[in-house]
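*Asks:* Starting from the given sequences, assemble the full structure and let the hints guide the process.
There are 2 protein chains.
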Amino acid sequence: MFEFELIATDHGSSARAGRLQTPHGVLETPVFAPVGTAATVKAMKPSDLKELGVSLILSNTYHLYLRPGDELVREMGGLHRFMAWDGPILTDSGGFQVFSLSETRKIDEDGVTFQSHIDGSYHRFTPERSIAIQENLGADIIMAFDECPPPTDYDYVARSLVRTHSWLERCVAAKTRPDQALFGIVQGGIFRDLREQSAQFVTGIDLPGYAIGGLAVGETKTQMHHVLDWLQPVMPAEKPRYLMGVGAPEDLVNGVLRGVDIFDCVLPTRLARHGSATVLGERLNLRNARFKNDAAPLDPNCGCYTCRHFSRAYLHHLVRSNEILAHILLSTHNIYFLLELARQMREAILAGELAAFAAGFLSHYPEPD
Amino acid sequence: MFEFELIATDHGSSARAGRLQTPHGVLETPVFAPVGTAATVKAMKPSDLKELGVSLILSNTYHLYLRPGDELVREMGGLHRFMAWDGPILTDSGGFQVFSLSETRKIDEDGVTFQSHIDGSYHRFTPERSIAIQENLGADIIMAFDECPPPTDYDYVARSLVRTHSWLERCVAAKTRPDQALFGIVQGGIFRDLREQSAQFVTGIDLPGYAIGGLAVGETKTQMHHVLDWLQPVMPAEKPRYLMGVGAPEDLVNGVLRGVDIFDCVLPTRLARHGSATVLGERLNLRNARFKNDAAPLDPNCGCYTCRHFSRAYLHHLVRSNEILAHILLSTHNIYFLLELARQMREAILAGELAAFAAGFLSHYPEPD
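Note that the protein sequences, when read in sequence, are chains G and A.
Residue numbers for the first sequence follow this note's numbering, beginning at 9 and rising by one.
Residue numbers for the second sequence follow this note's numbering, beginning at 9 and rising by one.
Note that these hints are calculated values from the structure, not bench results.
Be a bit skeptical, because a hint or two may be false.
Claimed, not checked - With a straight-line Cα cutoff of 30 Å, these simulated DSSO-like cross-link-like pairs (lysine-lysine) come out: (1) LYS58(A) / LYS58(G); (2) LYS183(G) / LYS114(G); (3) LYS300(A) / LYS58(G); (4) LYS114(A) / LYS183(A).
Claimed, not checked - If you want the footprint, here are the derived chain G segments under chain A, 3+ residues with CB under 8 Å: (5) 73-80; (6) 83-97; (7) 105-117; (8) 238-251; (9) 267-278; (10) 315-322; (11) 331-345.
Quick reminder that beta carbons are idealized off the backbone N, C-alpha and C, glycines included.
*Replies:* In structure tokens form, the structure reads like this:
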């Protein structure tokens, strides 16, 4: 049900183009997934997402568990039906949000007790609980419950790995639904031995896909590239690889060059809410007065609805007026930008031209620090 | 260019079905126009409006003059191009907003000086200024600058009428663009003699259409109906009649029965922002806990995108989570409801069945007070 087929591999890099079957459709990789935290990709109707060419969306277990509740979502026919998205969905395990969003949290070997960021109420997640919630939600791809440790504290990361690996085994044992793919998550911070150790353990369990967690959390770009370089030979080529939470354009390109197939990030919709647009090599802050009289579209070469219809001057006006349409139009553009980038990389891989494409694209971005 | 053709008139009432030519397309009347105050119908893309079947939108001169400025809109190719709406647009004169929104205002026979509700800066509108601004904006239908007085103060309304009529003559003299239709506005509060006197004066000037102003501003439903009944025989049958600012469903029906062709109102989008949905005979507040587990759509008989895809439980979740998609989906439904009502009335007029339709529809609403 979750067959992954490699269609083409790049000669000069680890990049691949693939095809992952899911119960709700095929993912053509490399693929970028926008995030629908609360069962909605912010400011986007499902029909808007289809029109953009979105194939996979991510939704957050932590948020949906707290509101509206995973039991309610199950009662309403599952997440696909609840949010009227009939394409593939991936849910995270809730672990990252427990560590990054909840008021207070107490971790032990069995799980995590935390306070809701909404009302301060107390809750407890364990590997078994995370899987049960994700089974109620009913996404196509579900994630193992893990700890995302501070990436540069060797001793902590090493201790945390033991826990994350034991939790993975409990997730595998707890999982019951055959129509969901459980992905394991490789942790290990910025340390080569820990990353390799984690990759060996996690990919030692036969799962339909593997994720790389704990990146894009404060480390440098160079550190991120190193981790991906170390992991590439250790992770099985025949399984999809998912780099969690990564969505800066240059990171997508660098990830694909290092063998990543799936990406997700809140960046395109978050930037939109802050009035910003992603264009090649730059972020435009539409609130800026220099756009007041600018009759040009965000990007004259972009084919998205926003760029085909509206000027920067209009977007500036909408942002200044706090109009909801600003969120809609900027989200449309920002998501399209990353989808189009993933599509272009896929085509370049198929055409054997990824090296040239990547070099051209990355020339618009600073050298990694 | 602004030919108005009566297609059918009802036998039992003053209702009519018509067709109004504009430079940006034909309006099939009765028609409801959603309001795009700041050059955007809140939370709606132009393509969403097209899909809903919107033919006319209203935009506000007061708001656009203050931000982004009518000169800028002209520089950007006019309002149609600026907001990417290629259908008919109507702009009001700014008068109503000056009286209802601005911080302080001082009215004299020549015009009104007022403070911006955005930054407190001082501005002055005169009939000539209002027309010049509306010519910069470039809507298909523009409105005469008038005063909307407190409707129940006879002496004030009578004095104000003199001013409104003199301002109308100045608007007619100031207007230069042949591709815009200037509508005059009948005022006169809730008083029969003043309304008739105003209608005679205003319709004595040959204009492509006439509006009825100063209603839905605090008078009772019965008073509104009386005013419409009095005006019906005085206003020329061969010209379109526009009832300004009216958008409650039962008011649309009562307006059509009394010969009104065009309506506009912020109600559908404002209700949406407050988490409410219009259904037959009722407003649903989606924030209400009773919708938490409600798997039904807002209205099982509605054909809008929202009702075809989403449950009340999902909308409840979106409203509680302050998600932008709540505004989008509720605005979609609320606008569709009024458009569909106008379409059904038009069909009923053409089929000679308006009396039955109106009686059935109004049976779901309280008797007018």
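*Asks:* Are any of the numbered hints broken by this structure? If so, which, sorted upward?
*Replies:* 7, 8, 9
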